[in-house]
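Participant: Sequence:
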Amino acid sequence: LILLACGSFNPITNMHMRLFELARDHLHQTGQYQVIEGIMSPVNDDYGKKGLVSARHRIAMAKLALETSDWIRVDPWESEQETWTETIKVLRWYNDECCRTDFEERDSSVLGLRQWAANKKWRENKKNCTSEVSFLVIVQVLPELKLLCGADFLQTFKTPNLWKEEHIKEIVEKFGLVCISRAGSDPAQYINESDLLTKFQHNIFLVKEWIQNEISATQIRYALCRGLSVKYLVPDSVISYIAHHNIYTEESERKNEGDLLQPLKLHSA
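Reading the sequence shown from the start, the letters are residues 76 to 344 in my numbering.
Rather than coming from a laboratory, the hints here were simulated on the basis of the structure.
Keep in mind that the hints are not guaranteed to be accurate.
[Said to hold, decoys possible] Straight-line alpha carbon distances no greater than 25 Å define the calculated DSS-like cross-link-like pairs of lysine-lysine that follow:
1) Lys124 / Lys330
2) Lys164 / Lys274
3) Lys306 / Lys244
4) Lys330 / Lys138
5) Lys164 / Lys233
[Stated by the list, open to error] So the derived label-pair ranges between C-beta atoms look like this:
6) Arg148 / Asn288: 21 to 29 Å
7) Lys330 / Arg148: 20 to 28 Å
8) Thr273 / Arg148: 27 to 35 Å
9) Lys330 / Leu303: 19 to 27 Å
10) Leu339 / Gln109: 16 to 24 Å
Ideal placement from N, C-alpha and C gives every residue a C-beta, glycine not left out.
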């Protein structure tokens, strides 16, 4: 299974990375899944969110933060498109490209090792086999792709014109969600209040964060604008990058101020 998180990552925080660890632990404990990769997909600059800095910086900060991870990576595809891309289209792209073509390329060494081991076992068994014909079958299972999010993400489905109903259905039916709880959110209630989410609740994994850690990227930006410390909330490498490029300022916080988010513009047209 591959976990995909879409969002601003403005900036990336320790909590963003923690979401992946919590999700992987939960899915492994079900005994049904093996998480092989986590992908962060920063949103395109055209999304129109207030205070959203350039994707170039957000990608660079994420790369720095993830240098210590051996299974999570940041991917720039979504941010490099000409305009904002709907979440369902991002999921489709990763499902088609990463979970098929790219996965096979990345996993070629593992597949080769499996094939060598299978051939070795076949040769050993052949010694005791009287049949002149034997068959060796190698099966590679393609990974599933699930959308990773905070549990309050479910609440956004109720925001008028933010989502298309058919997109919500495809996300929860075809891909599925892994939602990490946050203080003040009740994901089970969000599901119960929606006929669509209730219908596909078997494909929505609710993960409880027992060690509450309410790090907010918005509050991080506010602190940085005021010259306050964010050490231990954001990786040191990211803090250094922010300081070097003077990224978060009162001016940057005014970017896109008063603008509608791109999905609201498109879906209400």
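Participant: All hints, please: hold or fail.
Facilitator: A quick look at each hint next to the structure:
no.: 1; hint: Lys124 / Lys330; verdict: holds (8 Å)
no.: 2; hint: Lys164 / Lys274; verdict: holds (22 Å)
no.: 3; hint: Lys306 / Lys244; verdict: violated (40 Å)
no.: 4; hint: Lys330 / Lys138; verdict: holds (24 Å)
no.: 5; hint: Lys164 / Lys233; verdict: holds (20 Å)
no.: 6; hint: Arg148 / Asn288: 21 to 29 Å; verdict: holds (22 Å)
no.: 7; hint: Lys330 / Arg148: 20 to 28 Å; verdict: holds (27 Å)
no.: 8; hint: Thr273 / Arg148: 27 to 35 Å; verdict: holds (34 Å)
no.: 9; hint: Lys330 / Leu303: 19 to 27 Å; verdict: holds (20 Å)
no.: 10; hint: Leu339 / Gln109: 16 to 24 Å; verdict: violated (38 Å)
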